[in-house]
Amino acid sequence: MSILDYRILDAPPRSFIDEMRRKYPTERETDELLVRKLERRVTQTKDYHVPRLSEMEVCIQNFFAANLTTPFKISRPQWLSGGASKLQVLFEIDWQQDGKPRHDRMVLRMDPAESHNATSRLREAELLRAFRGIIPVPEVFFVDAEGKWFPEPTLIYAFAEGVTKPRATSSGAVSGLGIHFGPEWRAKLGPQFVEHLAKIHSYPIENGRFTTMDAPSTGTTEAAQLQLNRARRVWEEDRAEDFPLMEVATNWLGRNLPVMDKVSVIHGDYRSGNFLFDEASGRITTWLDWERGHLGDRHRDLAWITQAMFGDPREDGRGFYICGLLSEEEFYEQYERLSGLKIDPARLKWYSVLNCYQALVSTLGSCYRVVRMGKNHQDALMVVLKAEAAMASVRLQEMLSEVI
Amino acid sequence: MADVTTNALRGLVKTLNDVVVPSIPADDPLALQELKMVVRYLSFARERVDHLYARARYELSFYSDLIAQLAEILGTSHASEAKRLSDLRTRAAALLGEPGAAIDDLRNLNLEITSSISTLLGEVRDAEVLPRLERAVVLASAEITAFDRSWYAPLKLERFPQQVRPLSAFIPMPKTVS
Numbered sequence: 066m067s068i069l070d071y072r073i074l075d076a077p078p079r080s081f082i083d084e085m086r087r088k089y090p091t092e093r094e095t096d097e098l099l100v101r102k103l104e105r106r107v108t109q110t111k112d113y114h115v116p117r118l119s120e121m122e123v124c125i126q127n128f129f130a131a132n133l134t135t136p137f138k139i140s141r142p143q144w145l146s147g148g149a150s151k152l153q154v155l156f157e158i159d160w161q162q163d164g165k166p167r168h169d170r171m172v173l174r175m176d177p178a179e180s181h182n183a184t185s186r187l188r189e190a191e192l193l194r195a196f197r198g199i200i201p202v203p204e205v206f207f208v209d210a211e212g213k214w215f216p217e218p219t220l221i222y223a224f225a226e227g228v229t230k231p232r233a234t235s236s237g238a239v240s241g242l243g244i245h246f247g248p249e250w251r252a253k254l255g256p257q258f259v260e261h262l263a264k265i266h267s268y269p270i271e272n273g274r275f276t277t278m279d280a281p282s283t284g285t286t287e288a289a290q291l292q293l294n295r296a297r298r299v300w301e302e303d304r305a306e307d308f309p310l311m312e313v314a315t316n317w318l319g320r321n322l323p324v325m326d327k328v329s330v331i332h333g334d335y336r337s338g339n340f341l342f343d344e345a346s347g348r349i350t351t352w353l354d355w356e357r358g359h360l361g362d363r364h365r366d367l368a369w370i371t372q373a374m375f376g377d378p379r380e381d382g383r384g385f386y387i388c389g390l391l392s393e394e395e396f397y398e399q400y401e402r403l404s405g406l407k408i409d410p411a412r413l414k415w416y417s418v419l420n421c422y423q424a425l426v427s428t429l430g431s432c433y434r435v436v437r438m439g440k441n442h443q444d445a446l447m448v449v450l451k452a453e454a455a456m457a458s459v460r461l462q463e464m465l466s467e468v469i
Numbered sequence: 468m469a470d471v472t473t474n475a476l477r478g479l480v481k482t483l484n485d486v487v488v489p490s491i492p493a494d495d496p497l498a499l500q501e502l503k504m505v506v507r508y509l510s511f512a513r514e515r516v517d518h519l520y521a522r523a524r525y526e527l528s529f530y531s532d533l534i535a536q537l538a539e540i541l542g543t544s545h546a547s548e549a550k551r552l553s554d555l556r557t558r559a560a561a562l563l564g565e566p567g568a569a570i571d572d573l574r575n576l577n578l579e580i581t582s583s584i585s586t587l588l589g590e591v592r593d594a595e596v597l598p599r600l601e602r603a604v605v606l607a608s609a610e611i612t613a614f615d616r617s618w619y620a621p622l623k624l625e626r627f628p629q630q631v632r633p634l635s636a637f638i639p640m641p642k643t644v645s
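Top line first, the protein sequences correspond to chains A and B. Take any residue in the first sequence, count from 1 to its spot, add 65: that is its number in my numbering. Take any residue in the second sequence, count from 1 to its spot, add 467: that is its number in my numbering.
Isolated chain A, as found in the complex (with noise of 0.2 Å):
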């Protein structure tokens, strides 16, 4: 029985990198993740800083130099705020595609030194590629996979225009977090939102050529298990002090994997805040956040999108809009009727249970450890976060009471 070894975590020798792979098998790409972000807590220097944007100029100015063959104008290039894990810059570009000249508003998205969450661009690029057509997503033109041209591994998408919430609305000051739409804006977008849902899980997953994602066997609990494996090896690299709540959800999750009957793609985090739309049209204009997605249960989707801290709180008190838009009722009858597929209370529950537990790891575990290495340009927004972890333990509390 010992505490936590702060200088294991702060600078991890091999071993302990070694050892967290043996005990927590996760799927191909996160191995590598999980690795690459434990062996640059030791490499990294002490006197990182987060770019300059004149910085970021210049890479985005010689990744184009190097990988166009016509010429091309950069201009107004800003960062954008949204979003609680990767450096956004929005640019503009002059430039010729096929013979023919473009003028296109780019964002750039690149991963932190260290983020609260190691998510890979290459797998949000092949994601937003299968996507196109399907659902309104951005158009990708360009994966620096390795981090050759920038900092660090970098995607380059088409800006979409549109809002995260009504400008009417002071709700959602925070990632998007707890957005109040009003009825208007619940009539208008809640069906979209489930139809978008449906049509990312009815999705056959042989379409989409994926180079960076495994796919769990049906009938088996590899699905769960690898995702519950993720959400442990991350408590176990980042988390600042140990909780006895986590452990014994981890205990309950581990007796009580669930069998997958389908393989799904996963978006990872579908929620009001990640969708843009126009306030004009009513229109859904994009789908943003793709950087948990991954092969799985549907049910991982469906828990997380139902998870209380997203909601928004009912008018007559019994309960909340499912990310301010739906109803539980009506949300889960049109889910089924759009996709055909059946929820499975007992998987939701297990899912929920997971979800919750990975909430924490993220804003108890990850956000602590980010903020303490200094690698990251919204250190602010990370330690605000902490208010997350104390609502997320209270529901961990409340659903681990239901079962244990």
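Heads up, a few of these hints could be off.
[Unchecked claim] Computed cross-link-like contacts, DSS-like style, restricted to lysine-lysine with a CA-CA straight-line distance of at most 27 Å:
1. A:Lys440 - A:Lys451
2. B:Lys503 - B:Lys481
3. B:Lys503 - B:Lys623
4. A:Lys264 - A:Lys253
5. A:Lys451 - B:Lys550
6. A:Lys440 - B:Lys503
7. A:Lys414 - A:Lys327
8. A:Lys451 - B:Lys503
9. A:Lys407 - A:Lys264
10. A:Lys451 - A:Lys414
11. B:Lys481 - A:Lys451
12. A:Lys414 - A:Lys264
13. B:Lys623 - A:Lys440
By construction, these hints were calculated from the structure, which means they are not laboratory data.
Using the hints, position chain B against chain A.
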């Protein structure tokens, strides 16, 4: 004695809001977002700084009570684990009874206790005992999670504020923030 810390924090928040926020260029939303988070956290710190010591005592007291419960469940069938928890309980009682115990000592002993509980929950395989240990942790945790929710309420992310108990329900609050 004038409370210079909370007064200073109030001043910092005001100057950031009144002077610095308006000077952020419109084309730098990331800077504005982060600045607003800084203001939010400083406001939170102002509300909580006077209660940090009470928090450390409360947490140690809570987990000290929990390990007493767990030691009883372990009983004679897991005597060595029970003794280790009892020893920690004795140390916690002594520290909590020590006038002016250092906040770091309170926190470090609490870290030791929570690590001990976590390790125990990962190691016990006894099918009779483990469910009872888990049940005890889950039931007791209703209180510590409610406390945390109350503690962080001033960060204003709470979706259901009517469910949050006042901080005074957990720790003594002899004075209001000036």
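Query raised in the report: What are the numbers of the hints the structure violates, in ascending order?
Result: Failing hint: just 5.
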